[in-house]
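Quick mapping for you: the protein sequence lines, in order, are chains A and B.
Here the first sequence is numbered in the numbering used here, starting from 20 and rising by one per residue.
Here the second sequence is numbered in the numbering used here, starting from 12 and rising by one per residue.
Be aware that a few hints might be false.
As the list claims (entries may be wrong) - Which bits of chain A does chain B cover? Going by a derived footprint, with three or more residues having C-beta under 8 Å, they are:
no.: 1; stretch: 81 to 93
no.: 2; stretch: 109 to 116
no.: 3; stretch: 134 to 144
No lab work stands behind these hints, which were simulated from the structure alone.
Glycine included, each C-beta is placed from N, C-alpha and C at the ideal position.
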Amino acid sequence: MSRKTSRREFLLTAGAAAGFGLASVIAVEPARATPVAMEEAIRKVIGSARVTPGRVKLDVPPLVENGNTVPLAVSAESPMTEADHVKAIHVFTEKNPQPDVVSFRFGPRAGRARAATRVRLADTQTVVAIAELSDGSFWSASADVVVTLPACVEGV
Amino acid sequence: MASALINVPARARRGEVIEIKTLISHAMETGYRRSQLGARIPRDIIRLFVCTYNGTEVFRAELHPAIAANPFIVFSTVATESGTLAFHWTGDNGFSVTESARITVE
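Make a model of the complete structure from these sequences and hints.
Encoded structure:
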């Protein structure tokens, strides 16, 4: 028996088509970094070393209105002597198009392992700071940031 | 020519940790944005900032597109001797700017 497509069937098919269309749109968008991509970026910078939470401090506001300029400061407690100093502090994000943000490199001459800058955040996400000490250990800190107006990725 | 602003204390005591603030005008085009015609705007960012104190490197920052336009960098160094602090920014499309500041250590 042939019958016309029912309203329910039509809606189901249309919905599926719309869903498929949306999925394909998302697929062609520039790839956003994911927590996995961030993990990969971290591994690229620090190798296979073990990272322990603590010793490094990441200062970033918990709620930002404009993701285009977010003040960010990192610091680590260290005597900063030739024998015991912080070699570098790296910053990564989870959902920016690229997980790397900045790498600050210090030495005993820096006097203090502290640096600040302004970053872009493309979305509400977790920011991670990893400190590299002269004894070869790695320490991390993370902060969750809610972004009201994300840094523009598309359009001018 | 890009203009840079640098804030270094003019005089400091020997061994004191001084804070240095730098700001440089640069669009830091991420390379992820598209124009209204859909063409991707090529990346144009500052990749590296280096500070040397009388020729010795004291601080370095590797920048990525996630740094906001007009990079502002704050860091510190130990005032060891009177002399010159040189600041060097390098980036895409041959961007290169050098600035310097005098410091008197007593």
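Open item on the list: To test your reading of the hints: which numbers does this structure violate?
Closed with: Every hint satisfied by this model.
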